[in-house]
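Using the sequences and the hints, build the whole thing.
Line by line, the protein sequences are chains A and B. Anchor point for the first sequence: position 123 equals 123 in the working numbering, and the numbering is continuous, going up by one each time. Anchor point for the second sequence: position 1023 equals 1023 in the working numbering, and the numbering is continuous, going up by one each time.
Treat the hints loosely; a few may be bogus.
[Stated by the list, open to error] In the SDA-like style, the derived pairs of lysine to any residue whose C-alpha atoms are separated by at most 25 Å in a straight line are: (1) K76/B to R1063/B; (2) K800/B to R811/B; (3) K456/B to N93/A; (4) K287/A to E535/B; (5) K287/A to A153/A; (6) K289/A to E548/B; (7) K629/B to L514/B; (8) K456/B to A96/A; (9) K289/A to T340/B; (10) K287/A to E342/B; (11) K287/A to T343/B; (12) K82/B to V107/B; (13) K456/B to V181/A; (14) K82/B to Q114/B; (15) K289/A to F534/B; (16) K82/B to V100/B; (17) K76/B to S8/B; (18) K456/B to R97/A; (19) K456/B to A294/B; (20) K289/A to Q547/B; (21) K287/A to R341/B; (22) K82/B to R1063/B; (23) K289/A to D333/B; (24) K456/B to E409/B; (25) K629/B to R122/A; (26) K82/B to D6/B; (27) K289/A to E342/B; (28) K289/A to E550/B; (29) K287/A to T340/B; (30) K289/A to Q336/B; (31) K976/B to E1000/B; (32) K287/A to F534/B; (33) K289/A to R341/B.
[Said to hold, decoys possible] Just some of the chain A residues that point at chain B, by a computed CB distance under 10 Å: (34) S37; (35) T60; (36) N68; (37) E86; (38) A96; (39) G114; (40) V115.
The hints are simulated quantities; they were obtained by calculation from the structure and are not laboratory data. By construction, the Cβ of each residue, glycine as well, lies at the ideal position given by its N, Cα and C atoms.
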Amino acid sequence: MSAPAPARLALADGTVFRGAACGARGVAVGEVCFNTSMTGYQEILSDPSYAAQIVAMTFTQIGNVGANPEDDESRRPALRGFVAREICEQPSNWRARESLPAFLQRHGVPALSGVDTRALVRRIRSGGFQNGCLSTDPQLQDEALLIERARAAPELSELDLVAEVSCRRPYRFHEGEWAGVSGELPRSARPAPPLRVAAYDFGVKRNILRLLVEHGFEVTVVPATTRPAELRELAPHCVFLSNGPGDPAAVHGVRENIAELCRTYPVFGICLGHQILGLALGGRTRKLKFGHHGGNQPGKDLATGRVAICAENHGYALEAESLRRAGEPVEITHLNLNDDTVEGFAHAELPVFGVQYHPEASPGPHDARYFFARFREMAQRCAAGERVSGAAIARAAVA
Amino acid sequence: MPRRDDLSTILVIGSGPIVIGQACEFDYSGTQACKALTEEGYRVVLLNSNPATIMTDPETAQRTYVEPMTPETVEKIIELEKPDALLPTIGGQTALNLAVELAESGVLARHGVQLIGARLDAIVKAEDRDAFRAAMLRIGLALPDSGYAHSVEEARAILERTGLPSIIRPSFTLGGTGGGVARSREEFDPLVEWALRQSTRHTCLIEQSVLGWKEFELEVMRDSADNVVIVCSIENFDPMGVHTGDSITVAPAQTLSDREYQAMRNAAIAIIREIGVDTGGSNIQFGVNPENGALVVIEMNPRVSRSSALASKATGFPIAKIAAKLAVGYTLDELQNDITRETPASFEPTIDYVVTKIPRFTFEKFPRADDLLTTQMKSVGEAMAIGRTFKESFHKALRSLEIGSAGLEPPALPPGEAGLGQLLQSLGEARPGRPWALAEAMRRGVSGEELHRRSKVDPWFLAQLRELVEMEQALCGAAPAERSGWLRRAKQAGFSDARLGRLWGIAEGEVRALRSAAGVRPVFKRVDTCGAEFEAHTPYLYSTYEQECEARPGSRPKIAILGGGPNRIGQGIEFDYCCVHASFALREAGYETIMINCNPETVSTDYDTSDRLYFEPLTLEDVLAILEKEQPGGVIVQFGGQTPLSLASDLERAGVSILGTSPDAIDRAEDRERFDALLESLGLSRPPGFASRSLAEAERVVQRIGYPVLVRPSYVLGGRAMEIVHDSESLSRYMQSALAASPGSPVLVDRFLADAIEVDVDAICDGERVVVGGVMEHIEEAGVHSGDSACSLPPHSLSKSMVDEILRASRALALELGVRGLLNVQFAVKDSELFVLEVNPRASRTVPFVSKAIGQPLAKLAALVMAGRSLDSLGFTREIWPRHFSVKEAVFPFSKFPGVDTVLGPEMKSTGEVMGIDSDFARAYAKAQVEAGNPIPSGGRALFSVRESDRPRIGEAVRQIADAGFELLATQGTAKLIRALGIPVEVVPKVGEGSPNVVERIESGEVAVVFNTVEPRPAAVRDSFAIRRAALQRGIAYFTTLAALSAAAGAIHATRRGTIGVRALQAVHAGIAQNSSPGARRAP
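Structural data, given as structure tokens:
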């Protein structure tokens, strides 16, 4: 049993966590956030929404099931660094193709293990988001230097991260949901006829695209800056706005396009897409103290009164008051019951709605998948020439 | 939906006595539910026959019935109390089955009582294996192939399809009672017969084996708005084939990817909806094929369960409390998370640690029982441990078991090849020692693949164990100077100081000193339901070796209470009851209370029982770390049974202030020589006898006092290894094994007082005054362990002068020992002479029973005395002599252990107890028998087979039974005596003397009650074994002592006419208050 190579995470406030190096050798600087999901570290690692962040897992045994090709949410991780209490080197799962350390190594992600992640989380909880510098470079373990680097790093809101993670040109996406295991609940058939959806890629997670396919959509993924005129050439029935990293207010050249598209197409936004939709309709966003990152958040559908257990991953949220005063007839449809942040809204006249959390889950509970069915219904009725609003779709769910 | 206003009185049914498969977890959930309903303003009426519960404390419900848990009793209670609703889902399988009977027979409808929590159709759909199967197939889920059998013939036909090995599961039973695994056709038929007999519906499922698959459980909650949350996922270390109660289990699940976990979660939600459990919690079990992830549903419990208690403790989410509130209309989002206080209960707990639950077995009590673990639960208790990692948590769990293990010690094996062979063999068999065997196989270089192939334990768990073994090897290889450098890593992996000491060949204390010098100390983290996302307001803590400590000790005067650890025979819920009472009383008196315990089933480990809860092993190391952090003013060790008591002197040596009776006084009562001196100074006598350190010494003792002798090791609880010896051959065998088991400790050899009456006394002493809480006369004669004997309070046959002598002796002992707190004394009365058998200056098993019988909370009073109050200031100054009789009866696990004898002896075997209260002894005894599952019939055939020495004394009993209209059968010798009394009797041949013999007559089902007493000689016991086992298997009432025979006859006589009434405990206690005014007081 040889002692593992040392590694450190220094926070801008001067706190240093000393542990063992895992994954790639290197230095990562970014905003430190924590995720409370007990399963799905591979999906989290490969979720482009974490661009420029260092993610700490609150659950302590990470890597137990290794990594496999089906669970990647993008081609490669966009986060900067990864922190866990214990990272498993000998995974056990029938789907595992490699261990988590090998996955991290392959993707160049430096990781820190063996630290008191709970202490780290409590620090973020009480002090709010802050930057950190994680080093697995044996040559670079000087704590003062690491703290300095953390302090010198730019704020997340100063970065246009969507430009980093969005695709460069449009492409078709055909892949459906993972086949699953024998004995799980039967799935419903894909609805017909197929409808064309143009999906704006702000850093889209594959499972959103898979579920759009499962809901009978022909999916074309388009770059974040695609202009309405370009989009029309694809002749879509509807438009989807994806999740993505960072501060929605820092995303350039998108808001105006979306404002225009809302007038012509049924539009559905998830997470960053939901925030950009809100901004396009005249709302404002704010930064949360330490955000919502986990798979156990209570999202209440105000129309049905039902509470879905949701996968959430956001550091910003739409301000309820700003939506009410936006001049557009917008209704708040969903709230997070932990802190009453806006988790969903719908337009009272236009076929437009958005949800802050992740109905595609991956990782997380599947309770909120109904959003895809609602989008399908809205798009289908609009395609048939009906004028149906996002709010009417939300209300129809009660019946 | 808010609270239902159309209900005002709610009937709650508890789970009755502690049995294997149904233990204190239902006191924990029942108490939570009663408190929650009371808090909501409902009038709660409770039925539970188990006096040793917090649930049956008169404060927990408005009306408490400690009465037989039968449909007849419930109907009487319904008539009296007129409840609007019945909550059947928090009292285990007992309550659920009772509720089903009441609903199906129309009692509930007749009285306008609704079932809340789960509707009848939902219960039946979940519990009836055929209906459940159909429901699962309807929603498209998979199950192992199976068929439903009503007879052995049907079962055989199903086996043709499902194949061997075959899993046999009876319907509507608890703890898998009656279930089994047949590996061959020879095993199959008897297992099916047994299962059909155990099922209340005489049906069972014959199921395709998924032995070796991975096993998981989800704890699910649903509200009336159809919101569903998963409170906890649990993965079993032991693969499919071992009952989950007997498995090591880990929370959360460790080896599922998110996609697989969500598939299971989706299935669980679909199941609770399809079964139609409207509100409350359910437990759903799944099997997963390790090769391809294939998912099968195993079963569902539509109620709170042992697993839900574990899930509550593992996450901090109070399932039973929330379930009770959901049952009266609330939705999850309307209820608050108590721990964060700012977020709602409509969320799923996330945890940032690993929880390991490990079962506690007591096979040493049942030498003839097979310790192979199967689908029928055999463990009697469990410990839970929390650590940041699995390794830490698992290690803490091992030492929490209190089986003398401080870690993964090498098991005892024959040397050389034979040892390896035995080891490899044991890996494939799920027996209690498997984790130790796995570790040893790793030490001997057995490959991971082979370990998995043999044991089917998931490679992830095996890899974790291997890391521990590798670290152990590195630790052994470390030079003394390098040791402190290893300490932090070793402690983070959960190695105990004791284990490190053994690896390094130094004392545990030296390891502690080494740690202290190196600054390696544990910190304490909080269990908060949310992975630190929100602040925790509840100090529910566990130790770990990390950077930050969250203990934040308070500054109020505080007292720590050490709990009892895992349940075992001899140390169970009664001690937890005392610890909880101590905490309640001291909190009321203004102290901050700190509870330390590791038993997840209990009320003591509910996070709001004490001001602060440390969920930790009860070892010197773990307890000292907490006390160092908290610095309490004093520690109570006398309430949690032998576990904390055994730590007393070490704690005192470490400078801890022990409250109440001093450890020296405890030693004075335990040490034979000091005890003899004490008795002599008080002019009291005990049965003659001496401590012996060798066989020769023992033989000399016997020469002086004569056979039979009672032999036992010193310092025992629950009669461990106690025996009555009648000849030199047995004495030599006993001495050899006892001296080998614990070299250096003396064996006590005392004259056995045959046919003496045993008496138990519980008293409180404040140093000045002694008040006796109760004098209990045992029904079974001396020789039967006091925990296994029924007893009566007040005594039903002792003279007033003898009771006075007992009181005088008890008082003298308490004062002379300087007891501050509780004292238990055991006496024997032989031919009007009083002998002291044992003095225990601590809480006893009978404290809850006595408290309920006399209406005074003895444990609370004693805790206050220990904190310095006088009995005068507490207003408890005189004995209470109730007019009613209370009878305690023991409950046994014999039906779980095929092949085990039911005869009682000095070794304690009961798991639980019940209490019968009525106006006279005979009626109270009759009630207690019904509650204990041994109801005395009112007519039919009574079979007698009584040992020669008892025969002269059974005359009156036989006459009473004959007068009540019974037809009498008897074996030859007994029949002769009965005939001599002029009573007609049919002679039945003994086994081997003709046919149909006595066993065949019992098995044919024509006998209603069996009275069988036997000479306590191995040969005689062996010969009559088949009689008792047949009675047990047929579920026929049986009595195995002369005293019980007489009491049963008295009960038959007393209940000949009319039924037995019911009375709430509150009314019984009000009666005591009236007749205990000075003028009305009386001694028996």
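Going down the list of hints, with the structure as the test:
1. K76/B to R1063/B: holds, 10 Å
2. K800/B to R811/B: Cα-Cα ~17 Å, so holds.
3. K456/B to N93/A: holds, 14 Å
4. K287/A to E535/B: Roughly 20 Å separates the two Cα atoms, so the pair holds.
5. K287/A to A153/A: The hint holds at about 18 Å.
6. K289/A to E548/B: Roughly 22 Å separates the two Cα atoms, so the pair holds.
7. K629/B to L514/B: Cα-Cα ~18 Å, so holds.
8. K456/B to A96/A: OK: K456/B and A96/A at ~18 Å, within 25 Å.
9. K289/A to T340/B: holds, 17 Å
10. K287/A to E342/B: At roughly 20 Å apart (the allowed maximum being 25 Å), E342/B and K287/A satisfy the hint.
11. K287/A to T343/B: Judged against 25 Å, a Cα distance of about 20 Å means the pair holds.
12. K82/B to V107/B: At roughly 12 Å apart (the allowed maximum being 25 Å), V107/B and K82/B satisfy the hint.
13. K456/B to V181/A: Distance ~20 Å between K456/B and V181/A Cα, so the pair holds.
14. K82/B to Q114/B: holds, 11 Å
15. K289/A to F534/B: Holds. K289/A to F534/B sits at ~12 Å (cutoff 25 Å).
16. K82/B to V100/B: This hinted pair holds, its Cα atoms lying about 19 Å apart.
17. K76/B to S8/B: holds, 19 Å
18. K456/B to R97/A: Holds, because 21 Å separates the two Cα atoms, which is no more than 25 Å.
19. K456/B to A294/B: holds, 16 Å
20. K289/A to Q547/B: holds, 24 Å
21. K287/A to R341/B: holds, 24 Å
22. K82/B to R1063/B: holds, 14 Å
23. K289/A to D333/B: The given pair, whose Cα atoms are some 23 Å apart, holds under the 25 Å limit.
24. K456/B to E409/B: holds, 22 Å
25. K629/B to R122/A: holds, 21 Å
26. K82/B to D6/B: Answer holds: K82/B to D6/B is near 14 Å, not above 25 Å.
27. K289/A to E342/B: holds, 16 Å
28. K289/A to E550/B: holds, 22 Å
29. K287/A to T340/B: It holds: about 23 Å lies between the C-alpha atoms, which stays within 25 Å.
30. K289/A to Q336/B: With a Cα-Cα distance of about 22 Å, the restraint between K289/A and Q336/B holds, given a limit of 25 Å.
31. K976/B to E1000/B: holds, 21 Å
32. K287/A to F534/B: Given pair K287/A, F534/B holds - Cα atoms ~18 Å apart, limit 25 Å.
33. K289/A to R341/B: Cα-Cα ~19 Å, so holds.
34. S37: At about 7 Å, which falls below the 10 Å cut-off, the nearest Cβ of chain B leaves the hint on S37/A intact, so it holds.
35. T60: holds, 5 Å
36. N68: holds, 7 Å
37. E86: For E86/A, the interface hint holds, since the closest Cβ of chain B sits about 5 Å away, which is under 10 Å.
38. A96: Check passed: Cβ of A96/A comes within 8 Å of chain B, closer than 10 Å.
39. G114: Given a least distance of 8 Å, the restraint on G114/A holds.
40. V115: Nearest chain B Cβ about 8 Å off; hint holds.
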